[in-house]
Amino acid sequence: MDLSYYPGCTLKTRALNFEDSAIAAMAVLGVNLIELPRWNCCGTVYSMTDDDLAHHIAPVRNLVRIAEQGSDRVVTLCSFCYNTLKRADLLMRNSPEKRNTINTFMDDEIDYDGQVEVVHLLEVLRDDVGWEAVARKVKTSLEGLKVAPYYGCTLTRPQEIAIDSVESPTVLQGLMQAVGTTVLDFPLATECCGSFEIVSDPDAVIERAYTILGMAQRKGADAIVVSCPLCAHNLGHKQAEIAGKYSDFTGMPIVYFTQLLALAVGVNPEVCRFDLNFGGVEALLRDRGLIPQRV
Amino acid sequence: MRLEISLGRLRNEFVAKITELSGQDINLCYQCGKCSAGCPMSFIMDLLPNQVIRSVQLGLAEDITSSRTPWLCASCLVCTVRCPKGIDIASVMEAVRQIALRRSEDFIDPAGLERDTVAELPPIALVCGFRKLTG
Amino acid sequence: MEVIKKVLVIGGGVAGIQAALDIADGGYQVILVEKTPSVGGHMAQYAEVFPTLDCPQCILTPKMVDVGQHSNITLLTYAELQKVSGEVGNFTVEILQKARKVNHKKCTGCGTCWQKCPEKVPSEYDAGIADRAAIYIPFAQAVPAKPVIDTEHCRYIKHLEFVEGETEGKRPPQCRICERLCPAEAIDWEQEAQTITEQVGAIVVATGFDLMPIKRLPEYAEDPDVIDGIQFERMLSPGGPNAGVVRRPSDGKIPGEVVFVSCAGSRDPEHGVPHCSRVCCMYLAKQAMLYKHAVHDSQAHIFYIDTRTTGKGYEEFLQRTMTEGTVYLRGKVSRIYRDGDKLKVMGVDTLSGKQVEVSADLVVLGMAMLPSVGAKDMAARLGIATDEQGFFTESHIKIDPLESTRPGIYLAGTAQGPKDIPDSVAQGSGAASKVLGLFARSEMTPEGLTVG
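Chains as they are written, first to last, in the numbering used here: chain A, 1 to 295; chain B, 1001 to 1135; chain C, 2001 to 2452.
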């Protein structure tokens, strides 16, 4: 199966471990993620004020490009891209007046009225591939690894774009069980990490991260599994500082779901770029014999 | 000082603008506080989210514009999905930000960010932050 | 057309019991149909009732016994209304008497069977916090005090179905312990459900309420120590499974701090129901008070939006709860989750303007009152209207609150809308007076106007 793939900015820079592991793992599962030949920034956040149509242009332009390329479905990895593109698509489907204004403004492009279905990779894994098929492809079961699934905000909110239950999503659990890990009940799975406040108020984000990381540690997690590069950064980047401030915190590996999937289905660990992860993922996986010892 | 409640205050331009920009009917709110109860950023806010909504209900424009709360809102939408009355509180916060940003009152100065900070942040954080906190 | 002076009362809770007794005392025949094996309804589950802290067993049981013994009342428990035809003054009703598999004429109610039955099923009466046997009376004061066999869970019935179905797998045991031990030889495996047809002149509908399931509020955690108000009543009840000792379900520990959450599903048009359930403010106050009396040095916290105390003596009761030390926190709870031994209750106190967090041992949710499960089907069978939630619609909300939308069918109790015990009893009596008024007339004209 070939699927049009929208990467977004961070996948091409700071989250190569996310992108490379995803493409390799999906290939093993028989899904080719084919990067769109032309794409631009999704806008990162969906504009929520009623009259702010200008900021919908960026995501809609991407949707137009996808349609022009003959695709009726696009998959994203980044949770923010998913949210922004999906909500822009819904706006264009459901608000005729705004749709007209936006289409008129972009009059050198084809009109967009919902020709493209925006999906997140987790949906593809659940709905197109299926957990049983994933489990059948597992070469190295990740048995013994205890993970806390973490969704953050943008995969399940708002309700109308949620890829799963808003309050108790299970899609990460399904995937992580299929690759053999023990999935912990993680009550803070959909709590916000502090998001873009990292730019203006990093201290507040440190508090958020400590709350979430501390809970994962108390629950006995070996790692937190994420699907958003911003969550990965906020939960991972300042762990040394958090450990300095709170002595009960000792560190928590942060890993993308695609990396564990790739590892389980036999992708070369070097492709997964665990060296880019925060929180000691490499050490954890070495310790469990899941990646080779450093020579 | 005692707050004078008057028709003029309740129907001031600021309230009308917030209603228009957010598309939300503020009068639906019965002040249950569920938005504040679940807000991940409340711990650093000067006004709780329900107090922002209350201030809109009473037309307290100056209390809202001088509050840091809308800028600390991370748009995580927990308030929105749990509001018993279906008010999109996150959109109200966005409306408050937009009113300031359209007056060129940015919350952060991108030029003032440390070089190291910019270097270590992923693009997603920077674009997101600039979109939300600058005009 | 002659008015048939016999009434069908549907529902054996306190409202139905009151209506049945008043009509029977007025000299007319009553058929009281109750779907469970005993009359008593939800009131029989409560520990003590506000604002007087009466024990419901003391004030309800005599009425239940009266219903069982009254010469004008035919009590059909474990039975359900199937079909209604005709019109005011002359309805034909079909009632399904479910198979009890116990001959109640022979049974003496000695209790050997339900004490010895090896199968355990979550007890409906104890709201799932304790078990009952597969042959059972719902509770000690049940009327009738004679058991039924729950054919869904009885081992022998399962065995028979297994043999008949020629299914694969493990064959359930023959069991039949109840039959072997019954001194009265009352077990009757051949007994089948029966349809009973009756002619009645009027119908009183008192089918009551059920609580909204906790599952509908997923942000409040699926945790054994997050329970609803009726479950907590059973814990507090001196006649309950723990004899009134409050123990949390997860580990039997006596909770030192309990959080009560009002408006759980009520006043929440987005996730629950728009209406106020009317009784939660009061029963949560009562439960907090009783809990503090039962557990020394304990703390109760009540999250509330408004306190609604519109009954006689209610506000005074609430004030007593507050002065006895229960802390009232003004705001909704956004989230409850487990963190180790404790439940974290993430709330707000809008009065102090603080986000608050309570580490609780047990959380009691004042879940919204909904019409009893099956009320909409019942409405369809009766040909009467319901509101969006399924509460039966009155002929006029202000001046005809007891009449349904179909002449000759009257409403009583929480089936019409959330209400407390005194209002349910009053409405039961009110519906009875409507029926008695109708029966005081001997004939009806085709237009439905009565002739003296």
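To be clear, the hints were calculated from the coordinates, so they are not data collected in a lab. Errors might be hidden in some of the hints.
In silico lysine-lysine, DSBU-like type, Cα no more than 30 Å apart, as pairs [stated by the list, open to error]:
| hint | chain 1 | residue 1 | chain 2 | residue 2 |
| --- | --- | --- | --- | --- |
| 1 | C | Lys2253 | C | Lys2215 |
| 2 | A | Lys245 | C | Lys2342 |
| 3 | A | Lys219 | C | Lys2312 |
| 4 | C | Lys2215 | C | Lys2376 |
| 5 | C | Lys2344 | B | Lys1085 |
| 6 | C | Lys2344 | A | Lys146 |
| 7 | C | Lys2098 | A | Lys219 |
| 8 | C | Lys2098 | B | Lys1085 |
| 9 | C | Lys2376 | A | Lys219 |
| 10 | B | Lys1085 | C | Lys2354 |
| 11 | B | Lys1085 | C | Lys2376 |
| 12 | A | Lys146 | C | Lys2253 |
| 13 | A | Lys219 | C | Lys2342 |
| 14 | C | Lys2170 | C | Lys2098 |
| 15 | C | Lys2398 | C | Lys2312 |
| 16 | B | Lys1017 | C | Lys2098 |
| 17 | A | Lys146 | C | Lys2215 |
| 18 | A | Lys98 | B | Lys1017 |
| 19 | C | Lys2342 | A | Lys146 |
| 20 | C | Lys2354 | A | Lys245 |
| 21 | A | Lys98 | B | Lys1085 |
| 22 | C | Lys2253 | B | Lys1085 |
| 23 | C | Lys2083 | C | Lys2116 |
| 24 | C | Lys2344 | A | Lys245 |
| 25 | C | Lys2253 | A | Lys219 |
Do the alpha carbons of Lys2098 (chain C) and Lys1085 (chain B) lie within 30 Å of each other, as the hint requires? Between Lys2098 (chain C) and Lys1085 (chain B) the Cα gap is close to 43 Å, so the pair fails against 30 Å, i.e. violated.
Given the hinted pair Lys219 (chain A) and Lys2342 (chain C), is their Cα-Cα distance within 30 Å? Holds, because 13 Å separates the two Cα atoms, which is no more than 30 Å.
Can you confirm whether the C-alpha distance between Lys2253 (chain C) and Lys1085 (chain B) stays at or below 30 Å? Measuring from Cα to Cα gives roughly 37 Å; hence the hint is violated.
Can you confirm whether the C-alpha distance between Lys2083 (chain C) and Lys2116 (chain C) stays at or below 30 Å? violated, 38 Å
Hint consistency between Lys146 (chain A) and Lys2253 (chain C) [alpha-carbon to alpha-carbon, up to 30 Å]: Holds, because 29 Å separates the two Cα atoms, which is no more than 30 Å.
30 Å Cα cutoff - pair Lys2253 (chain C), Lys2215 (chain C): Satisfied, since the Cα-Cα distance of roughly 24 Å is no more than 30 Å.
Take a quick look at whether Lys2354 (chain C) and Lys245 (chain A) sit within 30 Å of each other, Cα to Cα. Within the cut-off at roughly 24 Å; holds.
Restraint check for Lys2215 (chain C) with Lys2376 (chain C), where alpha carbons must lie at most 30 Å apart: holds, 21 Å
Do the alpha carbons of Lys2170 (chain C) and Lys2098 (chain C) lie within 30 Å of each other, as the hint requires? With Cα atoms ~28 Å apart, Lys2170 (chain C) and Lys2098 (chain C) stay inside 30 Å; holds.
Is Lys219 (chain A) within 30 Å of Lys2312 (chain C), Cα to Cα? violated, 49 Å
Check whether the Cα positions of Lys2253 (chain C) and Lys219 (chain A) lie no farther apart than 30 Å. The given pair, whose Cα atoms are some 21 Å apart, holds under the 30 Å limit.
Is the Cα-Cα distance between Lys245 (chain A) and Lys2342 (chain C) 30 Å or less? Holds. Lys245 (chain A) to Lys2342 (chain C) sits at ~25 Å (cutoff 30 Å).
Hint compliance for this structure: hints 3, 7, 8, 9, 16, 22, 23 are not met, and every other hint is.
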